[in-house]
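Asks: Sequence:
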Amino acid sequence: MKKNYVKTVLCVPVFLWIMGASVLFAQETEEKYTGQKDRLHWSLGLSAEGNMNVPKGYALGAGLYGMFVLPDWVKAGRFSTGAKLLYSTGFKRYSLLDTALLFRWNFYDFAKFKTCDSGFFVQAEGGVSLGWNGKAAKPFVFGLGEGTFGYRFAVKNFFIEPYIRGGYPVIWAAGISGGFRI
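Positions -26 to -1, 1 to 156 (mature numbering (1 follows the signal peptide of the UniProt record, and there is no 0)) are the ones given, in order, by the sequence shown.
Take the hints with a grain of salt, since some may be wrong.
When the alpha-carbon atoms are kept at most 25 Å apart in a straight line, the in silico BS3-like pairs for lysine-lysine are as follows [unchecked claim]: (1) K112 - K30; (2) K49 - K109; (3) K66 - K112; (4) K30 - K66; (5) K109 - K66; (6) K88 - K130; (7) K49 - K88; (8) K30 - K109.
Hints are computed from structural coordinates only; laboratory data are not their basis.
All of these numbers come straight from a predicted model, not from anything done at the bench.
Starting from the given sequences, assemble the full structure and let the hints guide the process.
Replies: And the structure:
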């Protein structure tokens, strides 16, 4: 009985890894060829989220961000880079302003009509966060490092992306973004 358990414990992770690798490296993309395969695709959006970006309690945040898709130089997915500005407040005492640079990898899209920037993504964010506690006129300044996971739904020139993120200084956040693809 113990031998079967050991075999199962060893085989299941290997099987899951092989299935994940096949999804990442055996995708077919259906991008329409316009003669400009490596042209940059821009997107500008607004975001709204609930987060724990204040020292005590929960906060609501609203933000603005812009991204562009880098030229297609990898086989599995597409990379994007951009910048983000997010203001979070607990409405009573604390307020934070996050400024971050973004690096995103769109790695899988199950939609019938794929675009270069749609699908599941993981995103790394790094920057500076400014915080006010309501009494001090001088902001507290500290570093920002976060990771985000989400899915971008793209419909013609518009997109919507639900996401979750975590890191420092935010412990967790969940929100939705939407905007224009240019």
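Asks: So, for every hint listed, does it hold in this structure?
Replies: Status of the hints after comparison with the structure:
{"no.": "1", "hint": "K112 - K30", "verdict": "holds, 20 Å"}
{"no.": "2", "hint": "K49 - K109", "verdict": "violated, 52 Å"}
{"no.": "3", "hint": "K66 - K112", "verdict": "holds, 18 Å"}
{"no.": "4", "hint": "K30 - K66", "verdict": "holds, 10 Å"}
{"no.": "5", "hint": "K109 - K66", "verdict": "holds, 11 Å"}
{"no.": "6", "hint": "K88 - K130", "verdict": "holds, 10 Å"}
{"no.": "7", "hint": "K49 - K88", "verdict": "holds, 15 Å"}
{"no.": "8", "hint": "K30 - K109", "verdict": "holds, 15 Å"}
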